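Enquirer: In case you want the letters, here they are:
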Amino acid sequence: MKDLFRSWLDILLIFVPVSVGLELIHADPLAIFICSALAIIPLAGVLGRATEHLSAHVGEGIGGLLNASLGNAAELIIALAALRNGLHDVVKASLTGSILGNILLVLGAAMIAGGVKYERQKFNQTAAGMGASLLLLAAVGLIIPALFHLTAASQGAAVERELSLEIAIVLFAIYVLSLVFSLKTHRHVYTGEEHGPADLGETPWTQTKSTVVLGVVTVLIAVMSETLVGALEPAAHRLGMTQLFVGVILVALVGNAAEHSTAVMVAMKNKMDLALSIAVGSSLQIALLVAPLLVFASYLFGKPLDLIFTPFEVASVTISVLIVGFVAMDGESHWMEGVMLVGVYAMLAVAFFFLPA
Amino acid sequence: MKDLFRSWLDILLIFVPVSVGLELIHADPLAIFICSALAIIPLAGVLGRATEHLSAHVGEGIGGLLNASLGNAAELIIALAALRNGLHDVVKASLTGSILGNILLVLGAAMIAGGVKYERQKFNQTAAGMGASLLLLAAVGLIIPALFHLTAASQGAAVERELSLEIAIVLFAIYVLSLVFSLKTHRHVYTGEEHGPADLGETPWTQTKSTVVLGVVTVLIAVMSETLVGALEPAAHRLGMTQLFVGVILVALVGNAAEHSTAVMVAMKNKMDLALSIAVGSSLQIALLVAPLLVFASYLFGKPLDLIFTPFEVASVTISVLIVGFVAMDGESHWMEGVMLVGVYAMLAVAFFFLPA
Amino acid sequence: MKDLFRSWLDILLIFVPVSVGLELIHADPLAIFICSALAIIPLAGVLGRATEHLSAHVGEGIGGLLNASLGNAAELIIALAALRNGLHDVVKASLTGSILGNILLVLGAAMIAGGVKYERQKFNQTAAGMGASLLLLAAVGLIIPALFHLTAASQGAAVERELSLEIAIVLFAIYVLSLVFSLKTHRHVYTGEEHGPADLGETPWTQTKSTVVLGVVTVLIAVMSETLVGALEPAAHRLGMTQLFVGVILVALVGNAAEHSTAVMVAMKNKMDLALSIAVGSSLQIALLVAPLLVFASYLFGKPLDLIFTPFEVASVTISVLIVGFVAMDGESHWMEGVMLVGVYAMLAVAFFFLPA
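For the protein sequence lines, the chains are A, B and C, in the order given. Note that the first sequence covers residues 1 to 357 in full-length UniProt numbering. Note that the second sequence covers residues 1 to 357 in full-length UniProt numbering. Note that the third sequence covers residues 1 to 357 in full-length UniProt numbering.
If you are wondering where the hints come from, they were derived from the structure by calculation, not from laboratory data. Note that this is a predicted model, so its numbers are computed, not measured. A few of these clues could be false.
Under the rule of at most 25 Å between Cα atoms (straight-line distance), these lysine-lysine pairs were calculated in the PhoX-like manner [as the list claims (entries may be wrong)]:
(1) A:184 - C:269
(2) B:117 - C:184
(3) A:269 - B:184
(4) A:184 - C:117
(5) B:184 - A:117
(6) A:122 - C:122
(7) B:117 - A:122
(8) A:269 - A:122
(9) B:122 - C:122
(10) C:269 - B:122
(11) B:269 - C:184
With the sequences and hints as input, model every part of the structure.
Expert: Okay, structure coming up:
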């Protein structure tokens, strides 16, 4: 079943050549957008698997680090493509969307899928509490620049960019220290959650195979991301949707598809700790690693990125983090908690749909 | 003592004919307002009891459903009267007030009354956590339209009404699913909290008696609500209060009086699970059932109701929900936690008093 | 080591005569500001110790009350000096700063210092939960007037002052009741956290010595505070900092220095309950006792103080309280939780630095 599902997703790889072809013949941007989105979904999955296989070869410490840093490489590559094209609002919208998608939709779907089979599912309260607290800290990193912008816009864009840069540095430092915590000083808290290739029921790939796959897939995702981002504006226009909605909801769905299917699968095997660490861990990587890296990278492109998100984005992330905290704090889940998370996501998605550009 | 208290409340039934009389002779609106308010208090109590007695006859499943749906029939009828008269702000204020009143004043008073007798009172953490999470989800349903209004008012009232309608649908769906959870798949979590007529120390009424009482009382509440709402504006003016204050504080006190006395009584018998389920359950019914039903009903009246609450109402509900979550999360209560809830209510009431119309 | 540290701090007492001298010769205000700040640090420490020694003589009940009321006497005296000079913004900034400093910096540093030695440190969940709930209530006391000001400024300053006064009365009442809770009805919950002089490894002072020291030190702090406040404005200007930043960050650091060193020391001895009660208790005293007292005192000075804090201050306190709640709710701490608190403090400090006057 699981293998079937994986092969089913892998069929989407056909859209890699299809999108390249459509791009070359300057086809309808909406077709290009859809095909490159569909192409990225299996690529992100393969990227994740290659990272895991490679991690198995380089020892636990470095392996954990690899997993932790490359886990959201697909999101990072998509965002870099948007950044290079000067689409700062799309970059930020895809960050927000990825955070919301992971902690509401991915985690919610996992809790529902698991909760339908098991009456109540337990998970490690210390790890969940730590995740919830880090999510709240990440939310603070979004709240501060937005509030500064609302109350002190008179200070000018240069000050706001400096503030954003310094907050990015703090977030990045917190990320590094959280790795020290989870991979070194308190690794035992997180044991039982590790998922090596064995977990996925596969024979490990050789180191060479993993590295080659990793390289090839990264290049393919980069190409597809360029295609996706290039078609985004006209495609959004054709769909009658704003770029904000496309960035927050659609692009994020594409980037999170791999996490989504894995989290649901492990939840159905009653491994809620793993499901939680995929969903929350992925959100944290976006907020504490990908976002700061994008700010740093933007200086290389000569178009500094600030971290000023719209009030709606900030409020959405904050309330989502609070509700995840409330839901996760008791160390157990059932299907209704999953329904609540998905319900909040649905309400937010409706609002983002109606928000003006 | 309990029977005494009930008869004492029932004496207020004298105000049913009194208000009708005052209305007929076009008496001072303030007198009409006060008398019809006093008349609704015992009627809401009788309505609740009749529902419970009827529930005992129709089997546990349907009985629970009846209880869950008619528990706030009084609030619904008052709000429908205000809706029919086009007093949309009063409708929304009475919803906010009922939520705040239940989770702060009713729950706080119950914790104080119980905490004075018992040093610490325990309650089911799973049920309390679920209640707190659902309250936060309900708060999200209030936050989204208000924030949309603040940041995207330019989209126009039609879009805001559509957004409100879709959020009402999500809230209603969550309510239905929460009934499935608490009455079906996870009923055992909530056992020990059920309160049939036996709990109230009475011999059960016959099914015919319950149904007749239910019908008669519903009609009487509807009549009294019309009288109350009709006198609200001039009465508020005479009292030097705004309609917002009257709706949030006074009308809500009237609608919640029955819950208030029951919650305090059961808390004094150390049944904190029941007190919590009355207070939190009642707030949830208002937010997830009554509010959506009012939105749906408003389309029948041809004056669509939106869910855009004032920033003060939204903030009040949000912080109240958070503080209830903090207080309830640990699975036990003492009198000081009750004092905190009442203290927050007092601060909010003062602010609502000073807020302009 | 501990005695050494105390003597090291006591060396700073030399700055008492130095600041008086500088003041007399009308020296550079920046020098006066720095010297009087350095002088207050050891004085606040001595004040705290004298209070504890005196408490040991007057019996547990009154002793606890003395400790609870005089614990932040230094902050109160500094704020009174600013109040007398009409620097209302500095008064409020120093309150915010003291709350933030205690729950983020002092508590964070204690958790890091303790967490480096001990893998995980446990503390009393009931006391921690109560502290977190009270902090959230205190935050509500800040949110309400600020939100009122933002949405109903048209009501005029007189109404806002009346609202502030009534909220101050509620906060003060909550403080008194929380003392009844922690010193009387639920004292046993807090045992194991008490710290008499014995705890500090000293022979108790006589009652006369304690009283004399208390009197002398109070006068000295009052004099130094006048000097500090008098030099604040020109010193801030010379440093290129706003009065807001100086009030929130610098003055608060001075006022909290004693709590800071004590909390870190006890955390390193694995007494996290005590560290938590110092940090959280100190914040609560500022919010529930010092702030209301300042409002009351301001009426004596004929310049009524309102409780309208800036949106940034309100948001900072609210999110800090939430993150402390998330961190403390599970009843245990490790170094990474300390890092998170300090990280949030760092981000807020950066923002306060850039905020306009």
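Enquirer: Please go over all the hints and tell whether each is borne out by the structure.
Expert: Against the structure, the hints come out as follows:
1. A:184 - C:269: Given that 25 Å is the threshold and the Cα spacing comes to 24 Å, the pair holds.
2. B:117 - C:184: holds, 15 Å
3. A:269 - B:184: Since the Cα atoms of residue 269 (chain A) and residue 184 (chain B) sit roughly 24 Å apart, the hinted pair holds (cutoff 25 Å).
4. A:184 - C:117: holds, 15 Å
5. B:184 - A:117: holds, 15 Å
6. A:122 - C:122: holds, 22 Å
7. B:117 - A:122: Cα-Cα ~35 Å, so violated.
8. A:269 - A:122: Holds. Residue 269 (chain A) to residue 122 (chain A) sits at ~12 Å (cutoff 25 Å).
9. B:122 - C:122: holds, 22 Å
10. C:269 - B:122: Violated: residue 269 (chain C) and residue 122 (chain B) sit about 33 Å apart, past 25 Å.
11. B:269 - C:184: Holds, because 24 Å separates the two Cα atoms, which is no more than 25 Å.
Comparing the model with each numbered hint stated earlier shows that hints 7, 10 do not hold.
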